[in-house]
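**Student:** From first to last, the protein sequence lines are chains A and B.
Note that the numbering used here numbers the first sequence so that position 104 is 104, with each residue one more than the last.
Note that the numbering used here numbers the second sequence so that position 169 is 169, with each residue one more than the last.
Don't take every hint at face value.
[Claimed, not checked] Below are the DSS-like pairs computed for lysine-lysine, each with C-alpha atoms no more than 27 Å apart in a straight line:
#1 A:Lys79 to A:Lys60
#2 B:Lys79 to B:Lys121
#3 B:Lys121 to A:Lys121
#4 B:Lys60 to B:Lys79
#5 A:Lys50 to B:Lys121
Source of the hints: derived by calculation from the structure; they are not laboratory data.
Protein chains: 2
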Amino acid sequence: MTGPAVPDIVVGRLPLYLRALTDMLSEGREITSSQELGDLLGISSAQIRKDLSQFGEFGKQGTGYNIAYLADQLRMILKIERVWDVVLVGVGDLGRAVANYGGFLNRGFRIVAAFDNDPAKVGENVGPFTIQDTALLASQIRTLGVRIAMVAVPASAAQEVADRLTGAGIRAILCYAPTALVVSGDVYVQYIDPVVHLQRMTYHLA
Amino acid sequence: MTGPAVPDIVVGRLPLYLRALTDMLSEGREITSSQELGDLLGISSAQIRKDLSQFGEFGKQGTGYNIAYLADQLRMILKIERVWDVVLVGVGDLGRAVANYGGFLNRGFRIVAAFDNDPAKVGENVGPFTIQDTALLASQIRTLGVRIAMVAVPASAAQEVADRLTGAGIRAILCYAPTALVVSGDVYVQYIDPVVHLQRMTYHLA
């Protein structure tokens, strides 16, 4: 597909639409509207129609969206009609929770390896994985051909880990550490930052 | 402040602006522009100017934004010039990580109590807290006057916990469980969902 690039902020809303559609499907629903989606997500229906129109025609005026069809289309657009392998770096409390997180299933991702630099943890099992030494990180990423990593190490170690990951071919990093990573322009970084969500809610509290 | 309500999607971008401004401040920077902020965040400079203009005048044409001033104003708009008390429910691996998370400091929030329904955990210390029995949840929330909760229980228990929280006066919930909570219209819910962030990045991967 060519044409002008879609702004990342628009791309960032597609997973929210997909999550809402998947919830509706699990309730046995078949048809929805931009109005209903908007009410659920706190986004205007006009914005939703505009966002979707950047990728194609997904509904007819007045008849709404077929939920299953739109969800399938969004999966293709987001390239998660396939399953992506992901490595996890850092298996403290947080990494352990991430390894056992039930939300990845059927949503396009599976963790294939977990690493920690604590000799006491190496060889231990977490979920279905045996924790490997971080020294093996680069070689394992190259062997497995993984492009995506989740980083759950302390903030003080996150940049060094990110450097090693990107050096080994990782192109997308989900960072749980409260720190800003510096990466080259061809690497994508997203942050799990609970405070951003909390601040969005306090605005509304009297 | 009266006037038309600002869309929640706009409110949701303010914490991102604040985080970027705080990073700049910590680097000793004094002035920035909507262009620079936009490049950092993947949001158009026009969008940023439009968002900020809904709350007031924060910069002069051609001279950019004073970073410290704009950050202070955003803190006031988001009501985090004060510190909000937060309760944590669920102290498994994830809850333990949340209790020890270093990112809350100076950003408007402090955890004041942690709860779990596992008798083996009650009385144990996590970070600076002694884990309390979930049976005490409602009475403690009322005594402390807390309005915000973080929920890190298994998905199967999240709705019941949410019902108890809102019944006791909680008006904002940050949910780590991979499930959609049903709450009344005067309660705000945000989700920590790593998959949403991963899907936003796979879009860009070839």
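**Student:** Work down the list of hints and note, for each, if the structure agrees.
**Tutor:** Verification of the supplied hints:
1. A:Lys79 to A:Lys60: holds, 24 Å
2. B:Lys79 to B:Lys121: The given pair, whose Cα atoms are some 34 Å apart, is violated under the 27 Å limit.
3. B:Lys121 to A:Lys121: The given pair, whose Cα atoms are some 23 Å apart, holds under the 27 Å limit.
4. B:Lys60 to B:Lys79: holds, 24 Å
5. A:Lys50 to B:Lys121: Judged against 27 Å, a Cα distance of about 50 Å means the pair is violated.
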